[in-house]
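Chain by chain, the residues run as shown.
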Amino acid sequence: GPKVLQIPSHQIIDMGQMVTLNCDPVSNHLYFYWYKQILGQQMEFLVNFYNGKVMEKSKLFKDQFSVERPDGSYFTLKIQPTALEDSAVYFCASSFGVGNTLYFGEGSRLIVV
Amino acid sequence: GDSVTQTEGPVTVSESESLIINCTYSATSIAYPNLFWYVRYPGEGLQLLLKVITAGQKGSSRGFEATYNKETTSFHLQKASVQESDSAVYYCALGDPGGNAGAKLTFGGGTRLTVRP
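Chains as they are written, first to last, in our numbering: chain U, 93 to 205; chain Y, 4 to 120.
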């Protein structure tokens with residue numbers, strides 16, 4: 093079936109540094125999402141993105157977070173600067189339209205030390 | 004806010020036994036949410052198992068079934084006879100069908116299922 097690819101699968105980074113998580117969504121999909129799952133907790137919605145704009149974001153989407161998809165390439169989540177509480181697995185997802193099935197990547201595990 | 008509560012794992016059953024994973028939801032901001040079961044097999048990404056958008060209807064896939072019960076706000080996942088290949092983590096989720104910003108989902112905490120051969 094359709095695949096969403098995430099790069100990197102794992103990253104360890106020093107607190108205060110910048111990190112970019114990359115997502116290659118399903119090719120004809122138009123909506124893109126990031127979810128965050130802290131170890132032992134539920135997966136939670138961060139943000140969704142359509143037509144070059146953030147459509148909705150949760151309270152977890154701090155000012156240090158940003159998303160973009162320049163020129164239809166990777167959909168990225170950037171955290172600058174990182175904090176210890178940003179350690180989590182970040183899942184990217186995409187869908188063709190509103191109400192359509194979300195397809196998820198395998199996640200990027202971020203460890204901030 | 005909206006929330007989903009499901010059976011806490013891990014759950015271990017033997018092959019060919021029946022299975023039920025409970026899921027209840029609270030949708031304070033959505034009158035008629037869409038309900039989903041997603042599954043993550045070892046080494047793979049989260050994938051949709053089944054989806055039901057109408058209260059009272061049943062969804063089924065790969066031998067699994069779940070019925071959207073609006074009265075009890077439940078969406079329990081059942082299978083009559085599990086196989087070792089069903090070992091995975093199962094997530095119940097709800098979504099807002101009226102959202103115009105994509106399909107934001109609220110997930111339960113996941114239930115890890117291990118099926119013994």
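These are calculated hints, taken from the structure and not from any lab test.
From the three backbone atoms N, C-alpha and C, an ideal C-beta is built for every residue, glycine too.
Each hint should be verified, as a subset may be incorrect.
Here are the simulated lysine-lysine pairs, DSSO-like style, with alpha carbons at most 27 Å apart [stated by the list, open to error]:
#1 K149(U) <-> K95(U)
#2 K170(U) <-> K151(U)
#3 K73(Y) <-> K54(Y)
#4 K95(U) <-> K54(Y)
#5 K54(Y) <-> K149(U)
#6 K95(U) <-> K170(U)
Here's a subset of chain Y near chain U, in silico, CB distances under 10 Å, partners left out [to be verified]:
#7 L51
#8 V55
#9 F67
#10 A96
Does K95(U) pair with K54(Y) here, judged by a C-alpha cut-off of 27 Å? 19 Å, holds
Would you mind confirming whether the straight-line C-alpha gap from K73(Y) to K54(Y) stays at or under 27 Å? 15 Å, holds
Per the CB criterion, is F67(Y) less than 10 Å away from chain U? 16 Å, violated
Is K170(U) within 27 Å of K151(U), Cα to Cα? Judged against 27 Å, a Cα distance of about 16 Å means the pair holds.
Keeping to a limit of 27 Å between CA atoms, is the pair of K54(Y) and K149(U) held or broken? 24 Å, holds
Does V55(Y) hold up as a contact with chain U if the rule is Cβ-Cβ below 10 Å? Nearest chain U Cβ about 13 Å off; hint violated.
Taking only the CA atoms, is the gap from K149(U) to K95(U) under or equal to 27 Å? 24 Å, holds
Are the Cα atoms of K95(U) and K170(U) separated by 27 Å or less? Holds, at about 22 Å.
Was the hint right that A96(Y) lines chain U, CB cutoff 10 Å? Hint holds; A96(Y) Cβ to chain U Cβ min 9 Å, cut 10 Å.
Chain U contact restraint on L51(Y) - CB to CB distance below 10 Å: 5 Å, holds
The structure fails hints 8, 9 (numbered hints given earlier, in ascending order).
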